[in-house]
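A.B. asks: Spelled out, the chains give:
4 protein chains.
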Amino acid sequence: MAGNSFGKLFKLTTFGESHGVAIGGIIDGCPAGIKLDFDAIQTEMERRKPGQSKIVTQRKEPDQVEFYSGIFEGKTTGTPIGFVIHNTNQKSKDYSHIKDVYRPSHADYTYDKKYGVRDYRGGGRSSARETASRVVAGAIAKQFLSSLKINAFTSSVGDIALDKPYQDLDFDQIESNAIRCPDQETAEKMIKRINAIKKQGDTIGGVITCVIQNVPEGLGEPVFDKLHAELGKAMLSINAVKGFEYGSGFEGSKMLGSVHNDKFNKDGSTQTNRSGGVQGGISNGMDIYFNVAFKPVATTLQKQDTINSSGEAVEMQGKGRHDPCVVPRAVPIVEAMAALVMADYALLRRQESKDW
Amino acid sequence: MAGNSFGKLFKLTTFGESHGVAIGGIIDGCPAGIKLDFDAIQTEMERRKPGQSKIVTQRKEPDQVEFYSGIFEGKTTGTPIGFVIHNTNQKSKDYSHIKDVYRPSHADYTYDKKYGVRDYRGGGRSSARETASRVVAGAIAKQFLSSLKINAFTSSVGDIALDKPYQDLDFDQIESNAIRCPDQETAEKMIKRINAIKKQGDTIGGVITCVIQNVPEGLGEPVFDKLHAELGKAMLSINAVKGFEYGSGFEGSKMLGSVHNDKFNKDGSTQTNRSGGVQGGISNGMDIYFNVAFKPVATTLQKQDTINSSGEAVEMQGKGRHDPCVVPRAVPIVEAMAALVMADYALLRRQESKDW
Amino acid sequence: MAGNSFGKLFKLTTFGESHGVAIGGIIDGCPAGIKLDFDAIQTEMERRKPGQSKIVTQRKEPDQVEFYSGIFEGKTTGTPIGFVIHNTNQKSKDYSHIKDVYRPSHADYTYDKKYGVRDYRGGGRSSARETASRVVAGAIAKQFLSSLKINAFTSSVGDIALDKPYQDLDFDQIESNAIRCPDQETAEKMIKRINAIKKQGDTIGGVITCVIQNVPEGLGEPVFDKLHAELGKAMLSINAVKGFEYGSGFEGSKMLGSVHNDKFNKDGSTQTNRSGGVQGGISNGMDIYFNVAFKPVATTLQKQDTINSSGEAVEMQGKGRHDPCVVPRAVPIVEAMAALVMADYALLRRQESKDW
Amino acid sequence: MAGNSFGKLFKLTTFGESHGVAIGGIIDGCPAGIKLDFDAIQTEMERRKPGQSKIVTQRKEPDQVEFYSGIFEGKTTGTPIGFVIHNTNQKSKDYSHIKDVYRPSHADYTYDKKYGVRDYRGGGRSSARETASRVVAGAIAKQFLSSLKINAFTSSVGDIALDKPYQDLDFDQIESNAIRCPDQETAEKMIKRINAIKKQGDTIGGVITCVIQNVPEGLGEPVFDKLHAELGKAMLSINAVKGFEYGSGFEGSKMLGSVHNDKFNKDGSTQTNRSGGVQGGISNGMDIYFNVAFKPVATTLQKQDTINSSGEAVEMQGKGRHDPCVVPRAVPIVEAMAALVMADYALLRRQESKDW
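Protein chains in written order, with the numbering used here: chain A, 70 to 425; chain B, 70 to 425; chain C, 70 to 425; chain D, 70 to 425.
To be clear, the hints were calculated from the coordinates, so they are not data collected in a lab.
Being a predicted model, the structure only gives us computed values, none of them experimental.
Please note that the accuracy of each hint is not assured.
[What the hints assert, rightly or not] Simulated crosslink set (DSBU-like; lysine-lysine; CA at most 30 Å straight-line):
| id | chain 1 | residue 1 | chain 2 | residue 2 |
| --- | --- | --- | --- | --- |
| 1 | A | K182 | B | K332 |
| 2 | B | K168 | A | K335 |
| 3 | B | K182 | A | K332 |
| 4 | B | K77 | D | K77 |
Bound-form chain A, shown alone (with noise of 0.2 Å):
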């Protein structure tokens, strides 16, 4: 209840802040008998973690992980999957200086308010390291999901955007640039901008695109818990995050309903996709696809003034490796919590439906 769980029938857990001894989590529900490919699992850390490239902030953590349960004879049991992730680069003296210091537009003001003690050292449990825990559980959800083709990349970095639709788009050529965009002469502009403001001490936002496809048809809970709705709580709850939107999304609600309703065709697939691949909370077969908004990164290298727990105004100065910009390293993130929402969707969807 104290929102370290996500997803109700493929299920994870975390733990762990950012310099203790290590993060990690419990996956349950995850079905027995999948054969997992750990080097897979691996790859998906490599996207995450830091020091991969230039544009990355250049800590160095090996972000090896080390599964516990759940797993036999390379088989998920169908009992938990227990994991650990060692924080092997704790250097705990790095914080002293803001042990004291709310920094502006991050959480230690809020986690001093609500519990009263506070893990500094690094954000503590409020840091993106926590995300780890998730792309672990996304990449074993993704081995579940085989069937399903799961890709993110950046769609904008400041007001620097891609501007062609996804369908033109080579999703092999994601991987192939720092910043994850599969348009090359987009990602030369948006890793130039990130290079430019990196150099300011500055740091700066954007805008991840996802795209679901080979998703069958019925997957989604009517009312509440609307595939769309726990897609976007999915995609709210990682760090950074301030909107979210699929389909038509927010130029959507400009048009007019003549223009908007997508034309069915015969085969029950439509004309055009401004639903997203969701109809009334449901999928309908389309490609499902969403737009995720992050703030730029609240830790910047230039001097800020600030407040300490006591209320006096005290100057700060973010130190030594951070993210000019989150974008890169979240597209992975954003997969892995679409891969979560997408496997406890088909687990609901299984125990409804005999024949899926």
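Position chains B, C and D relative to chain A; hints supplied.
C.D. replies: Positioned in the frame of chain A, the structure of chains B, C and D alone reads:
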């Protein structure tokens, strides 16, 4: 699990199809001892009900709530509040023409694929009629949360947008016009546009903004159940919603960190509020505000080509009384869902802290 | 969270006080496409209702269920089934004498301490009248689980115990007498005892045995949600229940392992069934059987010394029409709760296994 | 949903197989600011661990808990407490003889039918080794609930029963003997019996009684989540448990209402306590007490006929170091589960009442 419940501690479960005997719900977990103002509940119902103005559907439904339990001598007893709204306007014959037809961008097709059977009358369970139950529960949540101020209003219709910050608006003006926009000049433009659209038998989308004030610090759970993530899910679960953003939202993704960060005042409040009242998923005491995008209503009065359940091409035309724009009637629904989230998180907060 | 829901996937939420307008509930998660036998549902209601024989309370309540949603053309639609039973026998004046009195071994005192307010009429929410809603839901669960056989019967009243193993009983005889004991000779003794007790204005306890047959293997979740643990909770949630045991039960604790172990036959069935059809929390395909102990009804017609809400000594006397022994009317309730557990675990099983 | 979590607000999720890398769990929802006594936690582990006396299994496992998160400078932080106990005594070769064999009255057969794959080493997930994680969480729950007194003890072994009411016992004597029976004379008889049984290579069952004192009024949810129903489920989820009764229990079913009813004192306490501290599912401030029946351990050292996974008859014999009677080591597990239930219901109570 089938998705007809919302909330963890303050929990609403709803039932009912638009043309069945009745709709209704159960509110479980409402604290005991709250003296209910039944007129205030009915007032919320009036704000949502059809036929209230010329720019909404002219259907007539009294939407009279009957409470069956959980209230004794005018006060909540802590036991579940069962309530029912009878469907008095059931003209089932009206709907024979859509029995086998899949209306474009409605949920007819997906319900059929999911369940195999479907109460096709008036959209059945997928009809926005279900939201009347949410308004009942939200009205009770508001009374529990009497110290909070929750105000939603129409901030755009099509491309006509209210371009003032919410701080410059007088929320007392929201109910003064049919579109529920507190700026009279913009309201008139919106109404005019809707009337024009209506004459064409067409529909149009819009955006609702919601502001929650007097929020205590410390509401919201870290990681997966962040306060804004739950608000997002709540809004995305409303019929026709395509997007959600809070605080700086999608615009925030275009900004630099040095500009976006909210500087602290000595009392812990912030000079700007791009965070939208939530940091790290937890309320910081500033106003919470967010935008909700609605697509145009899928039922137009124009002829549309579509298919039936046998995959044959058919022509259909919406009949009778439909909303040309959903936003004015959705304003109280947005408020209701916001109230349900806040009530739930208030109870979660109470159990963690003795002195809230 | 306030405890008025049961089940995870096949989920019942109930509302209602014994002397409010109505009681009822919502069944969420019942699979679509089940053709309902409404007579069978009403038959279960008749088995539970007051006034059905001379050894139960002579109150008259028709207990007519009205279904408001979730059913279309006689079949379940997969959407929530809302139902209501109006309280036709509300004589609130009858209860003024207990308004401020705490009846011994009732829930009056604890409800007051917990909630501060209380609908004192007829026990309010704590009345066993609430179980009528369970019987409705259980009757539907039975129809979903049509291949299972669920039979409960009275196995003891006071110290009069049925001393035959259930395998020697003819379950078709259960409904042939007022006490619902399939052995006529024992039934007569039980009825005679109850009549004698009744004349004294006293009450007596008893035990109900339940047998579930044709259970597939693999139902039940390991560790915390063991099948028998959920059955135990289901039974212990019924008013007046004091104990639960399954398979060898408390007697099993006196045995040696070499005697207690169930030897396998080659087909995986076992020669004995001290396990009670469940091993490690998971069904093994053998009959599930368990005992449920009921205390004597707390309302006697004798004078009792007690206190009122001001802590003053008062004398009270139960009036009118009360059950001298709860077990005959509790038999269908035990079956209903067993059916709810089995339906829920059947759905849990379906999502884990495609071929169930 | 797969059943590896317990509790709603104070929630434990466990993972781990008996011969995997490690077992462990996540406690989510433990309030912030609790100063932990780590020695007290380890003491509970010592009470459960193998090898502690001559009447339990002679396996050696240090059972050292490592905490990975949720604790900072010795205090809980409100974030999830992740913990791990490494399995140091993994001799997997020991178990090759049972790889394909279904041990009678174990969970081998049902796990195979449910999951298709199974970690057969030492029982895997179905091993009582999992309960070590429960003891860790229970020890923390006890510290949160420091005002409550939770004492469990052995009240029978086979047919040797402690025949004193718990009020006549000195709970300080529980740890003074190997069987954990506070009456020394009875304890000696029990130990003698177990030693005799052990020599025969056999096993025996028993009963544990648990008493919870200093319970505030008002804990427990009406209807489905009655306090005793949750306690019952908690106990029935422990390996080898066959029955649960509270207050007057099964004996209560033989009594008359006039005798069974608990008369009130003027202060709201009762003269007798057949209710077992719970009325209508809610605590009344009197002692809560209940009995838990354990079957004899299924693994005996005698030869047994059984089958393998091909349905062939095979002979098997338990090897090495097994418990002849599970009850002495189960005493701390019963206390741990009781503490988890009470902690969860204490938090549920806090959210409903500001002044608890």
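A.B. asks: Indicate, hint by hint, whether the structure satisfies it.
C.D. replies: The hints, checked one at a time:
1. K182(A) <-> K332(B): holds (17 Å)
2. K168(B) <-> K335(A): Distance ~17 Å between K168(B) and K335(A) Cα, so the pair holds.
3. K182(B) <-> K332(A): The hint holds at about 17 Å.
4. K77(B) <-> K77(D): OK: K77(B) and K77(D) at ~9 Å, within 30 Å.
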